[in-house]
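Undergrad: Chain by chain, the residues run as shown.
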Amino acid sequence: MSGVELKGVQKVYPNGAKAIHGVDMKISDGEMIVFVGPSGCGKSTLLRMIAGLETITEGEISIGGKSVNNVSPSERDVAMVFQNYALYPHMTVRGNMSYGLKNRGIDKATIEKKVGEAAKMLKIDSFLDRQPNQLSGGQRQRVAMGRAIVRDPKVFLFDEPLSNLDAKLRVQMRIEIKRLQRRMKVTSVYVTHDQTEAMTLADRLAVINEGRVEQMGAPMELYSNPRTLFVASFIGAPQINLVPVRHDGSSLIAGALTLSGFPDLPRDADMMLGIRPDMLKRDDAGQCEVRVDLVEQHGGENLIYGALTGATLADGEEQEICVKAGQDLLPAHGENLRFSFDPASAFVFDRATGERLL
Amino acid sequence: MQRSSISTHIILILGALFMTLPIWVAFATSTHAPDTILREGLQIMPGGHFLENYNEVLFVEGGVMKKVTALAMLKNSMILGIGFAVGKVVISMLAAYAIVYFRFRLAVPLFWVIFMTLLLPLEVRIIPSFEVVSDLGLLDTHTGLIVPLIASATGTFFFRQFFRSVPDELLEAARLDGATSWGFFKDILVPLSKTMIAAILIIMFVVGWNQYLWPLIMTTKEENYTLVIGIKQIYQVLSEGGELPQFQKAFALTILATLPPVLVVLVFQRWFVKGLVESEK
Numbered sequence: 115m116s117g118v119e120l121k122g123v124q125k126v127y128p129n130g131a132k133a134i135h136g137v138d139m140k141i142s143d144g145e146m147i148v149f150v151g152p153s154g155c156g157k158s159t160l161l162r163m164i165a166g167l168e169t170i171t172e173g174e175i176s177i178g179g180k181s182v183n184n185v186s187p188s189e190r191d192v193a194m195v196f197q198n199y200a201l202y203p204h205m206t207v208r209g210n211m212s213y214g215l216k217n218r219g220i221d222k223a224t225i226e227k228k229v230g231e232a233a234k235m236l237k238i239d240s241f242l243d244r245q246p247n248q249l250s251g252g253q254r255q256r257v258a259m260g261r262a263i264v265r266d267p268k269v270f271l272f273d274e275p276l277s278n279l280d281a282k283l284r285v286q287m288r289i290e291i292k293r294l295q296r297r298m299k300v301t302s303v304y305v306t307h308d309q310t311e312a313m314t315l316a317d318r319l320a321v322i323n324e325g326r327v328e329q330m331g332a333p334m335e336l337y338s339n340p341r342t343l344f345v346a347s348f349i350g351a352p353q354i355n356l357v358p359v360r361h362d363g364s365s366l367i368a369g370a371l372t373l374s375g376f377p378d379l380p381r382d383a384d385m386m387l388g389i390r391p392d393m394l395k396r397d398d399a400g401q402c403e404v405r406v407d408l409v410e411q412h413g414g415e416n417l418i419y420g421a422l423t424g425a426t427l428a429d430g431e432e433q434e435i436c437v438k439a440g441q442d443l444l445p446a447h448g449e450n451l452r453f454s455f456d457p458a459s460a461f462v463f464d465r466a467t468g469e470r471l472l
Numbered sequence: 502m503q504r505s506s507i508s509t510h511i512i513l514i515l516g517a518l519f520m521t522l523p524i525w526v527a528f529a530t531s532t533h534a535p536d537t538i539l540r541e542g543l544q545i546m547p548g549g550h551f552l553e554n555y556n557e558v559l560f561v562e563g564g565v566m567k568k569v570t571a572l573a574m575l576k577n578s579m580i581l582g583i584g585f586a587v588g589k590v591v592i593s594m595l596a597a598y599a600i601v602y603f604r605f606r607l608a609v610p611l612f613w614v615i616f617m618t619l620l621l622p623l624e625v626r627i628i629p630s631f632e633v634v635s636d637l638g639l640l641d642t643h644t645g646l647i648v649p650l651i652a653s654a655t656g657t658f659f660f661r662q663f664f665r666s667v668p669d670e671l672l673e674a675a676r677l678d679g680a681t682s683w684g685f686f687k688d689i690l691v692p693l694s695k696t697m698i699a700a701i702l703i704i705m706f707v708v709g710w711n712q713y714l715w716p717l718i719m720t721t722k723e724e725n726y727t728l729v730i731g732i733k734q735i736y737q738v739l740s741e742g743g744e745l746p747q748f749q750k751a752f753a754l755t756i757l758a759t760l761p762p763v764l765v766v767l768v769f770q771r772w773f774v775k776g777l778v779e780s781e782k
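Just so you know, the sequences run in chain order A and B. This note's numbering puts the first residue of the first sequence at 115, with every later residue one more than the last. This note's numbering puts the first residue of the second sequence at 502, with every later residue one more than the last.
It is worth saying that the hints were derived from the structure and are not from the lab. Check the hints yourself; a few may be wrong.
[Claimed, not checked] For the chain B half of the interface with chain A, some residues (derived, Cβ under 10 angstroms), not all of them: (1) Leu671; (2) Leu672; (3) Ala675; (4) Arg676; (5) Asp678; (6) Ala680.
[Stated by the list, open to error] Simulated DEER-style distance windows between Cβ atoms: (7) Thr169(A) x Met520(B): 52 to 62 angstroms; (8) Lys234(A) x Arg606(B): 46 to 56 angstroms; (9) Thr759(B) x Lys234(A): 56 to 66 angstroms; (10) Ile583(B) x Ser250(A): 38 to 48 angstroms; (11) Val768(B) x Pro203(A): 23 to 33 angstroms.
[To be verified] With the C-beta cut set under 7 angstroms, the calculated list includes, among others, these residues of chain A facing chain B: (12) Leu167; (13) Pro187; (14) Ser188; (15) Met194; (16) Phe196; (17) Asn198; (18) Ala200; (19) Tyr202; (20) His204; (21) Tyr213; (22) Gly214; (23) Asn217; (24) Arg218.
For every residue, glycine included, the Cβ atom is placed at its ideal position computed from N, Cα and C.
Work out the full structure, taking the sequences as your base and the hints as a guide.
TA: Printed below as a string of structure tokens:
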């Protein structure tokens, strides 16, 4: 049993800045949790608190059922992969991987065996005697993971481990981390600001904003059923389209645009309509008209960017909108196209609180 | 570029000659018989008494001082130079480690206090230092010679800057790997500072070797003299007169005194440069 539990965890820095505002979370044994959020939201702080590198101001963190608030990082039995790998530059790959075991007083033969096994698993066994500066970024990344794996920890912690890699390698390592985690069945916490990484890796996802967990759940649940405006806008690429609207009793009003089919909403309150780019379907009788500005061809799909006709923002700017369409829809600049969407698949949020209304 | 390279070379060569010629003259003169020097003054060409003069200075009792040989003084200087350099590196690394990695009250003011001592040369505290050492009965000992000198603000400052450039993640990784404070220092910081240590050792060896005032007031017995003190003594004898001035021996002693620091720098200069450059990493 090596689940992780956070109860009312808070972090206040000595200068009074509050980084974490009470986080409750239960991570079950063998689960992969991803903390995702914009930079400075506190996700790394939370991870480092689990690791023991940051003190806990209030609340309790327990690993495997035991409170670890006053347990030193090395005794928590967690392993961490750092963003810049933090390999010991003067040690060989073997030295890097065995250092933690050596400090735990494990005998040489066992260390040798464990390092060998982990190296084989990560395909780094051919350069065990090299130093980190003779390795490529991807290889260093593997060594950093190897150093975590040999320890056989209760919990793996990943602090944006892929952000220093190039795009192609990142995708490759992402898949490998997922495979490895599934094979080793170790409870893992992974921090990232990249929502694709988050969606693909997580068993469950925790969207963190300003030191609070906005919503936690399976990736697809967060995508199709976001609880707040922040979650809706953070999850999903391209970003969800957000249109400021009001309700006049029968339909939603956005500037000169009237959208019907939305029941029971508070009248004249400031609200935000959220429509995912892939919810908009080409339809000559559709509710909204888009004046095309730019088309991005991604190969299998086209992203059409334009202005939503009629919906002018308060400051006089046009409402921008993005549509995800098939590769055969390729309108010219300035062309007007109509799209429709199912009101039931759209979200409506309260603009002041960010709460989802519909 | 092409044209200026000739003139730059000339300037370089002149500069090099200007710096090395006095040493050459000292060496050349040290290989002559005393009467040649008295008759003809300083010599530019080496003479035929090299082995004889240096043998007498290095190995013959009474050859240069009343009793002590240059070899014994060389040994004393070595002990001072090495003890001074090693002591400074050890003390300043430990001090810098405490200042950078441990959060304790007054860490910052203490660092500035250490740093301020840079403003106070040894000469300012030489009387109290002498008093302390003499009360401890350490006059005329190697301990008394070295210990009062090994606190080093320069070294502490250099190591502090270097430690601060070591990424925090290394410390955190080591903590997760179960390293103790001492383990992190010994397994991670010391190996990382290798080139830095080498550079400081070299600088401090030369500084220690050239110490003059402290050994002068510290040593009363001839057998504890360092080479630098020996030189001072022999020139004093020369100026006081009485016997036939032994200029060749004085020059031989001077050459012997300059040799070790020069050798150290020549042998270790690659490390030295590397250490100074890499500290910026």
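Undergrad: Next, verify each hint and record whether it holds.
TA: We went through each hint and held it up to the structure:
no., hint, verdict
1, Leu671, "5 angstroms, holds"
2, Leu672, "9 angstroms, holds"
3, Ala675, "8 angstroms, holds"
4, Arg676, "5 angstroms, holds"
5, Asp678, "4 angstroms, holds"
6, Ala680, "6 angstroms, holds"
7, Thr169(A) x Met520(B): 52 to 62 angstroms, "58 angstroms, holds"
8, Lys234(A) x Arg606(B): 46 to 56 angstroms, "50 angstroms, holds"
9, Thr759(B) x Lys234(A): 56 to 66 angstroms, "58 angstroms, holds"
10, Ile583(B) x Ser250(A): 38 to 48 angstroms, "43 angstroms, holds"
11, Val768(B) x Pro203(A): 23 to 33 angstroms, "26 angstroms, holds"
12, Leu167, "5 angstroms, holds"
13, Pro187, "5 angstroms, holds"
14, Ser188, "4 angstroms, holds"
15, Met194, "5 angstroms, holds"
16, Phe196, "5 angstroms, holds"
17, Asn198, "6 angstroms, holds"
18, Ala200, "4 angstroms, holds"
19, Tyr202, "6 angstroms, holds"
20, His204, "4 angstroms, holds"
21, Tyr213, "5 angstroms, holds"
22, Gly214, "4 angstroms, holds"
23, Asn217, "4 angstroms, holds"
24, Arg218, "6 angstroms, holds"
Hint compliance for this structure: every hint is met.
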